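K.L.:
So the sequence lines, in the order shown, correspond to chains A and H. Here the first sequence stands for residues 598 to 731, where the numbers follow this note's numbering. Here the second sequence stands for residues 892 to 1018, where the numbers follow this note's numbering.
In short, the hints are calculated from the structure, not lab data. Small disclaimer: the values here were computed from a predicted structure and weren't measured. Hints may contain errors.
Stated by the list, open to error - Which bits of chain H does chain A cover? Going by a derived footprint, with three or more residues having C-beta under 8 Å, they are: (1) 907 to 919; (2) 954 to 964; (3) 984 to 992; (4) 995 to 1009.
Unchecked claim - To give an idea of the chain H side of the interface with chain A (calculated C-beta under 10 Å), a few residues: (5) L904; (6) G924; (7) G926; (8) T947; (9) L949; (10) N968; (11) A973; (12) G974; (13) G975; (14) V977; (15) A1012; (16) V1016.
Stated by the list, open to error - Using C-beta positions, here's what the derived DEER-type ranges look like: (17) G599/A with G964/H: 24 to 32 Å; (18) I701/A with W990/H: 34 to 42 Å; (19) L899/H with L634/A: 45 to 53 Å; (20) L604/A with V1010/H: 20 to 28 Å; (21) Y665/A with L904/H: 23 to 31 Å; (22) Y966/H with R723/A: 49 to 57 Å; (23) R725/A with A895/H: 31 to 39 Å; (24) A909/H with V693/A: 17 to 25 Å; (25) V1017/H with A689/A: 24 to 32 Å; (26) L896/H with L605/A: 51 to 59 Å; (27) Q1014/H with R723/A: 24 to 32 Å; (28) E602/A with E902/H: 45 to 53 Å.
Beta carbons: idealized from backbone N, C-alpha and C, even for Gly.
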Amino acid sequence: MGVGELLLAGAIGVAAGISSGLLGIGGGILFVPALTLVLGLGHVEAESTSLLAIVPVALVGSFRQRSYGNLRVRDAGVIGLLSVGGAVAGVALANVLPVLVLRIGFALLMLNLARQLFQRGRRDRRARLAGAGG
Amino acid sequence: MDEALERLSRERLLRLAAIGSAGGLFSGLFGVGGGTVMVPLLLLWMGYEARAAAATSLGAITLTAAFAAATQGLYGNVDLLAGGLVGLPAVGGVLIGTWLQQRVHSDTIAFAFAALLAVAAVQLVVR
Chain A
598 MGVGELLLAG AIGVAAGISS GLLGIGGGIL FVPALTLVLG LGHVEAESTS
648 LLAIVPVALV GSFRQRSYGN LRVRDAGVIG LLSVGGAVAG VALANVLPVL
698 VLRIGFALLM LNLARQLFQR GRRDRRARLA GAGG
Chain H
892 MDEALERLSR ERLLRLAAIG SAGGLFSGLF GVGGGTVMVP LLLLWMGYEA
942 RAAAATSLGA ITLTAAFAAA TQGLYGNVDL LAGGLVGLPA VGGVLIGTWL
992 QQRVHSDTIA FAFAALLAVA AVQLVVR
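Can you make the complete structure from the sequences, with help from the hints?
P.N.:
Structure follows, in structure tokens:
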């Protein structure tokens, strides 16, 4: 592991943290490629190590958001606890279901959510501009 | 009136439970982050404002990731050094990201998230 790899991994880490704070995601979408492509981890190790890296990021991000007044602690607790159960079920189901078919279905669902979010953004933007104008 | 309020809060609780289960299920099935599912659902289904959706998603992720990382750690799949190399700079990044988030319009956050979802959808099929 050379200095170049260390710096690149750190830089991708910073980018992952920024997108985590901006969008409310864990940052695994950037952690996993940094761990496999730059630091040379295998896929399973990279996914698992990414989960570890997410913990301090999400924790610090949550505390900052709490001080900004954006965090709904109880809602986050309900969602977080149930999602642990959901994840256990998901891992079990991944071994028995036709995952490729599901993957394509889920990708389409995500594109549909993207379309709806885009419309929501446009509506918010119109409301904001109308508010600013008059 | 009380009954209506109670029904409302029960419905809210059910929706939160559904969002949490869906986020966990999809991340277990496909390896996508729970945030990509939870943030849009909080925004579109619970009527959350964009900043509150992102903040609450991060809170939930803290719990899920801690549990999942501990489980994977028991299997010996976690590389502490590599995790620190990407994770510690990312803690600095999240301070910048949350600071920045308070200074952009919420429609910008919605647009950025729509773009992220489109990328994640493509990545899910082409890998």
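K.L.:
Checking each numbered hint in turn, tell me which of them this model violates, lowest number first.
P.N.:
Nothing - there is no hint that the structure violates, so all of them hold.
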